[in-house]
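Please work from the sequences and hints to get the whole structure.
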Amino acid sequence: MLFNSLTFVVFYVVVVALYWSLRGWELRKNLLVVASYIFYGAWNPPFAALLFSTTAMDFWLGRQIGKAQEGRARKRWLVASVCMNLSMLGFFKYGNFLLQNFQWLVARIGIIYQPPHLDILLPVGISFYTFHSLSYTLDIYRGVLKPTRSLRDFILAVSFFPQLVAGPIVRAGDFLPQLEHPPRLKSNQFLWGLALMTLGLFEKIVLADTLLSGSADRVFGYAGPLVALDSWAGVIAFAGQIFFDFAGYSITAIGAALTLGFHLKDNFRFPYAAIGFSDFWRRWHISLSTFLRDYLYIPLGGSQVAPFRMALNLVLVMFLGGLWHGAAWTFVVWGLLHGSYLVIERVFRIFFEEKQWAATLPVRLIAGFATYAAVCIAWVFFRASDFTIASRMLSGMFGGHPNGDMILTTRELLQIAIVTAGLISIHWAMRADAFETTVMRLPRWAVTAIWSFMACAIILTQGSSNAFIYFQF
Amino acid sequence: MHSFISNFKQRLRLPRMFFRKPSREEQIHGGPPLEFERPIPPLQWRGITATTVIVTFVATVAWELYARALGYAPTLNDNDDLWAITRRKVQPESIVIIGDSRGWFDVDLDEFEKGLGKRPIQLAAPGSTTFPVLDDLAKDENFHGTIVCSVVPQLFFAPPGSPPMERAEKNVKRFHNQTPAQRVSEYLGMWLEDHVAYLKPDDLSLQGLLNELPIPNRPGAQVPPTFPPYFQTEDRERRARMWEKCAEPGSELAKRIQQIWIPLFSLPPPPSYIPQDVFMAKMKEGIEKRFADTVAAVEKIRARGGKIVFVRFPHSGGLKEIEDKITPREQTWEPLLQMTHVPGIYYSDFSELSGFNCPEWSHLSAGDSVEFSKRLVPHLRDALKM
Numbered sequence: 000m001l002f003n004s005l006t007f008v009v010f011y012v013v014v015v016a017l018y019w020s021l022r023g024w025e026l027r028k029n030l031l032v033v034a035s036y037i038f039y040g041a042w043n044p045p046f047a048a049l050l051f052s053t054t055a056m057d058f059w060l061g062r063q064i065g066k067a068q069e070g071r072a073r074k075r076w077l078v079a080s081v082c083m084n085l086s087m088l089g090f091f092k093y094g095n096f097l098l099q100n101f102q103w104l105v106a107r108i109g110i111i112y113q114p115p116h117l118d119i120l121l122p123v124g125i126s127f128y129t130f131h132s133l134s135y136t137l138d139i140y141r142g143v144l145k146p147t148r149s150l151r152d153f154i155l156a157v158s159f160f161p162q163l164v165a166g167p168i169v170r171a172g173d174f175l176p177q178l179e180h181p182p183r184l185k186s187n188q189f190l191w192g193l194a195l196m197t198l199g200l201f202e203k204i205v206l207a208d209t210l211l212s213g214s215a216d217r218v219f220g221y222a223g224p225l226v227a228l229d230s231w232a233g234v235i236a237f238a239g240q241i242f243f244d245f246a247g248y249s250i251t252a253i254g255a256a257l258t259l260g261f262h263l264k265d266n267f268r269f270p271y272a273a274i275g276f277s278d279f280w281r282r283w284h285i286s287l288s289t290f291l292r293d294y295l296y297i298p299l300g301g302s303q304v305a306p307f308r309m310a311l312n313l314v315l316v317m318f319l320g321g322l323w324h325g326a327a328w329t330f331v332v333w334g335l336l337h338g339s340y341l342v343i344e345r346v347f348r349i350f351f352e353e354k355q356w357a358a359t360l361p362v363r364l365i366a367g368f369a370t371y372a373a374v375c376i377a378w379v380f381f382r383a384s385d386f387t388i389a390s391r392m393l394s395g396m397f398g399g400h401p402n403g404d405m406i407l408t409t410r411e412l413l414q415i416a417i418v419t420a421g422l423i424s425i426h427w428a429m430r431a432d433a434f435e436t437t438v439m440r441l442p443r444w445a446v447t448a449i450w451s452f453m454a455c456a457i458i459l460t461q462g463s464s465n466a467f468i469y470f471q472f
Numbered sequence: 000m001h002s003f004i005s006n007f008k009q010r011l012r013l014p015r016m017f018f019r020k021p022s023r024e025e026q027i028h029g030g031p032p033l034e035f036e037r038p039i040p041p042l043q044w045r046g047i048t049a050t051t052v053i054v055t056f057v058a059t060v061a062w063e064l065y066a067r068a069l070g071y072a073p074t075l076n077d078n079d080d081l082w083a084i085t086r087r088k089v090q091p092e093s094i095v096i097i098g099d100s101r102g103w104f105d106v107d108l109d110e111f112e113k114g115l116g117k118r119p120i121q122l123a124a125p126g127s128t129t130f131p132v133l134d135d136l137a138k139d140e141n142f143h144g145t146i147v148c149s150v151v152p153q154l155f156f157a158p159p160g161s162p163p164m165e166r167a168e169k170n171v172k173r174f175h176n177q178t179p180a181q182r183v184s185e186y187l188g189m190w191l192e193d194h195v196a197y198l199k200p201d202d203l204s205l206q207g208l209l210n211e212l213p214i215p216n217r218p219g220a221q222v223p224p225t226f227p228p229y230f231q232t233e234d235r236e237r238r239a240r241m242w243e244k245c246a247e248p249g250s251e252l253a254k255r256i257q258q259i260w261i262p263l264f265s266l267p268p269p270p271s272y273i274p275q276d277v278f279m280a281k282m283k284e285g286i287e288k289r290f291a292d293t294v295a296a297v298e299k300i301r302a303r304g305g306k307i308v309f310v311r312f313p314h315s316g317g318l319k320e321i322e323d324k325i326t327p328r329e330q331t332w333e334p335l336l337q338m339t340h341v342p343g344i345y346y347s348d349f350s351e352l353s354g355f356n357c358p359e360w361s362h363l364s365a366g367d368s369v370e371f372s373k374r375l376v377p378h379l380r381d382a383l384k385m
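Going down the list, the protein sequences come from chains A and B.
Taken in order, the first sequence gives residues 0 to 472; the numbers are from numbering that gives the first Met the number 0.
Taken in order, the second sequence gives residues 0 to 385; the numbers are from numbering that gives the first Met the number 0.
Since the hints were made in silico from the structure, they are not lab data.
Glycine is no exception: its CB is placed at the ideal position from the N, C-alpha and C atoms.
Please note that the accuracy of each hint is not assured.
The calculated label-pair distances, taken between Cβ atoms and stated as ranges, are [unchecked claim]:
| # | chain 1 | residue 1 | chain 2 | residue 2 | range |
| --- | --- | --- | --- | --- | --- |
| 1 | B | GLN221 | A | ILE110 | 43 to 51 Å |
| 2 | A | ASN43 | B | ARG255 | 40 to 48 Å |
| 3 | B | PRO218 | A | ALA428 | 35 to 43 Å |
| 4 | B | ILE273 | A | ILE110 | 32 to 40 Å |
| 5 | B | ALA68 | A | ARG183 | 42 to 50 Å |
| 6 | A | PHE386 | B | GLN90 | 41 to 49 Å |
Listed below in structure tokens is the structure:
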């Protein structure tokens with residue numbers, strides 16, 4: 000079920016009304032479990048069984064890790080959990096990709112192997128819920144979480160419908176404690192949640208789908224060479240689209256959770272105002288970057304190892320981060336590019352971190368602009384479906400096709416320019432603050448006007464229920 | 000109050016991110032402590048919400064009244080979900096109408112039911128290629144019914160990857176992959192569209208309004224052709240009827256649509272990035288493949304006892320001139336009938352089917368579509384040996 004669909008509107012109203020009208024906390028939790036499975040099963044009912052089996056296995060494995068006294072036994076159970084989760088992910092998400100690469104590899108040594116094409120349907124959001132579930136056993140192993148005794152609570156932690164299919168990646172350790180005591184219905188929290196949902200849907204339906212996606216799709220779908228302006232416009236449009244699409248989903252999820260009394264952490268903090276790539280990853284898809292940092296980068300030694308090893312760790316983590324997004328080498332290159340950016344930034348830091356001029360506003364603005372440009376270049380690999388398209392786009396962006404085609408209308412160029420200018424200005428204006436702080440500073444009439452404007456724009460747009468980009472991951 | 004806000008700001012203010020090491024706590028939990036609570040801006044949310052609801056409601060009602068004042072009325076919008084729901088109604092022996100917008104506008108289901116003895120299912124879709132639907136029916140082992148297929152050569156032979164092909168493929172794909180949630184959304188959407196006039200994505204959506212902005216394009220820009228505005232109603236059986244405003248004699252809307260058809264149906268310039276001879280060879284190869292694929296699909300349907308008839312529906316004016324020039328009958332229609340051995344009805348071959356006026360050159364008005372369907376039925380019965 001998509002947030003931007005009429006089915007969700009009806010589903011949400013019914014669930015929220017029932018939830019707050021039920022007296023017992025256990026009953027409410029049962030309702031949320033049923034609602035979450037309906038939400039998920041509305042895509043493809045059999046996949047709800049897969050979700051349940053992953054959850055139940057991790058619940059059992061978590062208990063085994065918790066019960067085991069000996070370090071080696073704990074490790075064995077953890078390895079079992081990691082293998083179970085990753086093999087599930089591997090089969091559904093990477094099955095055909097692995098076979099194709101195996102075919103290519105054996106062909107290099109002269110063996111002709113024709114693998115069968117596995118007709119595998121990718122369960123929606125498998126990358127997200129696998130990480131929700133995996134965080135539970137990992138945290139029990141690390142000693143920062145005790146196994147829950149309630150299977151129902153764990154099922155709810157993994158499948159809680161606002162964050163189930165496209166994040167934020169909510170760790171069991173952050174969610175399970177919220178299930179201990181029933182939340183009270185607080186009108187301000189509830190209404191603020193509704194305002195956040197409106198903002199999220201506005202970002203998705205109006206900004207991403209209506210104002211940007213068409214141009215990005217046409218540029219990346221064009222089979223010929225494009226002039227620099229159109230190439231850059233397409234990439235910048237995609238940079239905006241993916242932000243509004245994914246941040247829109249996250250904000251809607253956070254808002255929906257708030258209306259039910261749950262608190263989810265931020266997933267984005269004005270990423271296009273980042274100065275440097277570490278800063279970018281502290282602002283973009285925070286739940287994934289912190290997941291990779293805590294469960295991969297730090298266990299590999301983090302920043303406490305020799306510089307070369309640290310660089311290798313960074314590249315490895317970003318390589319896996321890229322692969323997490325999709326079973327294609329273009330995603331791997333995207334991840335490796337970000338890994339390289341992080342390494343280069345570390346080198347820069349060694350030379351310039353202490354310089355006074357490095358902290359001046361013009362230098363910070365230039366660094367911010369360079370960060371945005373480099374992030375956009377990486378987006379080319381993320382969006383392009385193959386390397387032919389990616390290289391053609393990059394060539395166009397850097398003046399390789401001065402006589403290339405111009406395919407965007409002036410209106411589309413203006414739309415991209417206005418939306419991107421607004422996006423970047425807002426990110427820079429709010430980069431040091433929480434979103435809530437900015438809202439608090441606004442006069443009441445301005446909050447009302449902005450909220451009304453967003454609601455009217457959503458109604459005017461008559462959205463066509465386009466899927467969120469991150470669903471495919 | 001001042002100190003409260005200051006504390007609040009302090010609490011919300013994010014730590015400086017640049018060149019900052021994460022705290023020990025963050026390293027363990029990946030963020031704020033476990034008892035994290037989202038801050039709620041301390042504003043008068045009840046008043047703000049009430050005002051927002053009133054403003055939004057008033058603006059929506061005003062927009063609805065404005066839409067009705069412009070002559071718009073509630074009607075369904077055609078989309079892949081409605082198509083999928085209709086496709087699901089196809090039974091093994093159904094009569095199915097497939098093809099382009101002429102088969103969609105010009106067929107009256109009541110007249111077909113009276114004349115053919117069975118209510119047909121409308122699967123023709125505007126601006127779409129026939130082949131993906133024909134192929135889907137051919138692959139449906141249960142189907143051995145009757146197909147009435149509208150042919151507009153430029154759409155029928157549209158190459159893979161072209162918008163007409165993609166539209167048809169999108170419909171077929173949605174039929175096979177439609178989720179329960181999508182189906183429910185479509186039923187809810189139909190209910191809304193039955194009651195709300197402003198739900199007209201072509202004209203009254205944000206995208207439709209933006210498309211209307213008179214902004215000139217760069218010289219040399221290869222911008223996509225404009226598509227026609229809203230000019231038809233549709234019911235739950237996907238029966239399309241031309242909007243009266245378009246069917247009126249001398250209608251401005253009809254004249255506007257006529258001028259839209261000209262670039263849409265004119266041969267586009269070959270792409271700049273492929274040598275012209277290579278492009279032409281590819282096009283020829285594509286057309287030959289479409290002939291061959293159509294023959295294969297038709298044979299499959301016939302082998303199961305199914306029947307098919309091709310129909311060329313009326314078109315007129317400048318559009319007819321363009322079609323006759325770019326896709327002459329002897330190079331498209333005739334070879335199609337010869338290769339497939341399928342009976343065909345070309346409207347201009349029969350006096351009773353000729354002489355209909357297409358207000359915007361491509362489709363019949365709602366009234367004429369009924370009369371045309373009535374006159375077409377005997378020809379269909381002959382062709383299908385019914």
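Consistency of the hints with the structure:
no. : hint                             : verdict
1   : B:GLN221 to A:ILE110: 43 to 51 Å : holds, 46 Å
2   : A:ASN43 to B:ARG255: 40 to 48 Å  : holds, 44 Å
3   : B:PRO218 to A:ALA428: 35 to 43 Å : holds, 37 Å
4   : B:ILE273 to A:ILE110: 32 to 40 Å : holds, 36 Å
5   : B:ALA68 to A:ARG183: 42 to 50 Å  : holds, 48 Å
6   : A:PHE386 to B:GLN90: 41 to 49 Å  : holds, 47 Å
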